[in-house]
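Asks: Using the hints, position chains L, W and S with the ligands against chain V.
4 protein chains.
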Amino acid sequence: MRVLFLGDMVGRSGRTAVWQRLPGLIRDFRLDFVVVNGENAAGGFGITEEIFRATLNAGADVVTTGNHVWDQREALVFAPHEERFLRPANFPAGAPGRGSGLYTARNGARVLVSNIMGRIFMVPDLDDPFRCVEEQLAACPLGEQADAAIIDFHAEATSEKMCFAHFVDGRVSAVIGTHTHQPTADHQILNGGTAYISDAGMCGDYDSSLGMDKEEPLNRFLTKVPRGRFEAATGPATLCGVGLDISERTGLAEAIAPLRLGPRLEETIPAFWR
Amino acid sequence: MRVLFLGDMVGRSGRTAVWQRLPGLIRDFRLDFVVVNGENAAGGFGITEEIFRATLNAGADVVTTGNHVWDQREALVFAPHEERFLRPANFPAGAPGRGSGLYTARNGARVLVSNIMGRIFMVPDLDDPFRCVEEQLAACPLGEQADAAIIDFHAEATSEKMCFAHFVDGRVSAVIGTHTHQPTADHQILNGGTAYISDAGMCGDYDSSLGMDKEEPLNRFLTKVPRGRFEAATGPATLCGVGLDISERTGLAEAIAPLRLGPRLEETIPAFWR
Amino acid sequence: MRVLFLGDMVGRSGRTAVWQRLPGLIRDFRLDFVVVNGENAAGGFGITEEIFRATLNAGADVVTTGNHVWDQREALVFAPHEERFLRPANFPAGAPGRGSGLYTARNGARVLVSNIMGRIFMVPDLDDPFRCVEEQLAACPLGEQADAAIIDFHAEATSEKMCFAHFVDGRVSAVIGTHTHQPTADHQILNGGTAYISDAGMCGDYDSSLGMDKEEPLNRFLTKVPRGRFEAATGPATLCGVGLDISERTGLAEAIAPLRLGPRLEETIPAFWR
Amino acid sequence: MRVLFLGDMVGRSGRTAVWQRLPGLIRDFRLDFVVVNGENAAGGFGITEEIFRATLNAGADVVTTGNHVWDQREALVFAPHEERFLRPANFPAGAPGRGSGLYTARNGARVLVSNIMGRIFMVPDLDDPFRCVEEQLAACPLGEQADAAIIDFHAEATSEKMCFAHFVDGRVSAVIGTHTHQPTADHQILNGGTAYISDAGMCGDYDSSLGMDKEEPLNRFLTKVPRGRFEAATGPATLCGVGLDISERTGLAEAIAPLRLGPRLEETIPAFWR
Ligand SMILES: [Fe+2]
Ligand SMILES: [Fe+2]
Ligand SMILES: [Fe+2]
Ligand SMILES: [Fe+2]
Ligand SMILES: [Fe+2]
Ligand SMILES: [Fe+2]
Ligand SMILES: [Fe+2]
Ligand SMILES: [Fe+2]
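In order, the protein sequences belong to chains V, L, W and S. Counting along the first sequence from 1, when you hit position 77 you're at 77 in this note's numbering, and nothing is skipped either side. Counting along the second sequence from 1, when you hit position 49 you're at 49 in this note's numbering, and nothing is skipped either side. Counting along the third sequence from 1, when you hit position 270 you're at 270 in this note's numbering, and nothing is skipped either side. Counting along the fourth sequence from 1, when you hit position 214 you're at 214 in this note's numbering, and nothing is skipped either side.
Honestly, the hints are just simulated from the structure, not real lab data. Watch out, some of these pointers could steer you wrong.
Which residues of chain L face chain W? A partial, calculated answer using Cβ under 7 Å [to be verified]:
| no. | residue |
| --- | --- |
| 1 | Phe45 |
| 2 | Trp70 |
| 3 | Ala93 |
| 4 | Pro124 |
| 5 | Arg171 |
| 6 | Thr223 |
| 7 | Val225 |
| 8 | Pro226 |
| 9 | Gly228 |
Cβ atoms here follow ideal geometry from the backbone N, Cα and C, with glycine treated the same way.
Pulled out of the complex, with its shape left as it was, chain V reads as follows (with noise of 0.2 Å):
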């Protein structure tokens, strides 16, 4: 089965470049399902409902979130209601949303999808992320309730995301990191059947300062002052993500390769599903 896994859509360039493309991808490559990361897609912070159906609207199965969750006020107000927006799972119990859900593939699997959020240099610290995907595999293991699981896990620290991923070996489909907002060339498959990559990248501009404009961030580590706000940069935006080809026999990951489109990075589509 082919999913394809795209990493935080940065601002109106970031987003606008997600609904363009999506569409003709998942009719392309025949896509069974995707997740669209989408903590930064209005103007770098939090996303809105509307940013939020439109993303489903283009083809989106599910949108995953991270640290930044919360920086639009209304995502309290729609997160409740939509089973298919996903706040860190390892939040304390009680915080509105969910943080994973089981989803219908277009080819019929089950897919468990989770969000969880690290530790390491990550604000706010929230709950262990080891325990908490320990108790999500128990209650919904992959092979029994689930035909595929898919963790975005948005994190700062390659340790954190390796020892992550080496955790869950052979247990879920793949681990996606996201939250640094570049793309790292280090996805593999590892011992126990799961694919990994430690950063999916961004959907944004990338003449910028992790898609924002980089005017202000260059300002503030020069001089520590603030001289203006944090905007979301304008250029073109370049799409990054992974291709997944998941086993529907084991639930397991048969190949992951990254997805780059766009005019500032080497441009590339997973040769599997050609």
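Replies: Just chains L, W and S with the ligands, lined up with the frame of chain V:
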């Protein structure tokens, strides 16, 4: 001119792979200049004089480091005498050793190499990397004393890496990130002509946590209680780095592409070297 | 009932002063219960079994710890067998030893003592201290199983300390902060009857950096280059802690005042003990 | 000569209490010089020009700040014109305003006041505070251009505060810590004659979280989900600071003692002022 930059060698597995492969790479691709980051070469922690020399013997022109530079105390002794050994330049004045140097490449070009450390999430907290590079470029501008300028920017946060690169864009040949030990796929030539990649990746065993045996790091994440020491992983290493093509006329970059050689990641060699 | 809490003993100087003075304090002021934080008792790093026993012999009813608890590896061995040794309760389930206990004071009162670690700026990142204390108080509520409840909240940030104390205000006898090694003067009885102080201070040499010889810490701040090890300071120690008067009827605090004995700080003994 | 230093005024409650009590304190105790930290005076976040002026009118000679200095954007406008307004001196060169000044006390003494920020756990990451103070003392040594020298060291970690004080011991009259908003009881005169306290405490409502209404900070600790804004607490403020007696001959400290006035903490006035 052809430059190869190899990311953090980790442990015996990583350094041995570099020593074995580097002479062939230099010969086969007629490389003019080679930089290798060696901060984790001795069991993951620092570098010894013997390892440093063996790395030069294998063909490295310069060995750079980072936050782990003094983990092997003997580095404090040999650093001051070794022109080709760099520690981060933004250590306070008076630190042992040097942070940059001007070297002659095999094509006769004078190459400025600078090793600078970021500050976000990094220990120890060194001097301002932006001011540091500003001073270095004032003292040794590209196109005057230097025919090429390569910066190993050893840092964690992608925002700091991107802003640093934009800051020196057009004034150096390349900004190569190190420290996260995972290669990124965001290599590009910035608007001003500077080649950039967020992280070169490591030269080490990618079935690991940052090149270290994954058992104890994973134990720490799970239990928070130390059970043993951190040891370098012993599986076969994958070499990660970037190839650069630098204009002999302008000193700016004409091409940047990843190099990955080994069993775990997708292998690639810069196409423009063939 | 009269309780004495002594802050982090640091090194030989600190522990020796505690051992020498504690018996006299217990006798002279007819103390019912004594808690001592011992996380830095062994040269500044952790605690040995011998030091732990000697501290009990000097009159401590319970020895608490903090982030340094496992610095001496032997603590992993004796912790599980020692009822009167506490490590932070919010270590993940399965950690060696215990995080709280119910003890009988010399006046017959049943005293719950709990050792909990904060998360802001702290390593390792343990479980949520707020949820941890909630569970403890549910299992052993003040006025039912316990006649008094004392929490050693080992944390860095004053915001977390204050919020933690407000959270349990009226439900425990006292929240005593430790870890910063400097006594605060903000002791007060909160609105609900819980005694509070941000930090008890350390029992150690105050002509130092946190009880450690100041030469190497200062060297690190100045040069960022290690020159030697951190050693405990050897000058005479000042004892720092707080005295509590806890109602035998309600278990809430009737008085809190600092105790400081030694050569460097303004000496004081709780007036309500005389 | 008699100096009063008052810690961070927080919100209306804190600043009003300072304005009401300060004139009487100056008159009753014949104070020669007064420094007030104002970084949280405007609702907890920064300071306005009007508040700054009212604080001078109440008798402050200098208003210092810290990490919150630019929270009110108007501070960027008035800082450059106000000699008696200090922001941390270790902002990069070119920052608005000034970090130190030489002022004439009511007894005619020339008093150097310097505001310097620590780096451990602090944002933004400013220049090296140790080098900063070294340069200031080289330019304006105690006993030559200055008859007294008072440093507001705005920092989180007690290790950095202690080491900073030891570094300048004998070269300044006093190092007064600010930022943690809880007064410490570790005031002492160091071996070289410099008065020291880790933190002066705040001037604000101590039934709070750092002077802020405790509801939202506590909500964030419990749920990690924002519910509202941080607002200054509105209960009556307790003034916290220290009194200094500085030798007019040597510029070194002869005495340091806390001042605490208000409803929540143990009240005290320096005995040597009576
Ligand atoms: Fe993001
Ligand atoms: Fe994020
Ligand atoms: Fe490294
Ligand atoms: Fe590093
Ligand atoms: Fe301690
Ligand atoms: Fe501690
Ligand atoms: Fe403050
Ligand atoms: Fe502050």
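Asks: Taking the hints in turn, state whether each one holds.
Replies: Each hint, compared with the structure:
Contact between Phe45 (chain L) and chain W, as hinted, is not supported at the beta carbon level, the nearest pair being about 13 Å apart and thus beyond 7 Å. Given hint, Trp70 (chain L) at the interface with chain W, holds; its Cβ is 6 Å from that chain's nearest Cβ, closer than 7 Å. For Ala93 (chain L), the interface hint is violated, the least distance from its beta-carbon to any beta-carbon of chain W being 9 Å, above 7 Å. At about 4 Å, the closest approach between the beta carbon of Pro124 (chain L) and any beta carbon in chain W falls short of 7 Å, and the interface hint on this residue holds.
Look at Arg171 (chain L): its Cβ only gets to about 27 Å from chain W, farther than 7 Å, so that hint breaks. Evaluation of the Thr223 (chain L) hint against chain W yields a held restraint, the C-beta minimum of about 6 Å falling below 7 Å. A hinted interface residue such as Val225 (chain L) counts as satisfied when its beta carbon comes closer than 7 Å to some beta carbon of chain W; here the least separation is about 6 Å, so the hint holds. A least Cβ separation of about 6 Å between Pro226 (chain L) and chain W falls short of the 7 Å threshold, and the interface hint therefore holds.
Evaluation of the Gly228 (chain L) hint against chain W yields a violated restraint, the C-beta minimum of about 10 Å exceeding 7 Å.
The structure shown violates the earlier hints numbered 1, 3, 5, 9.
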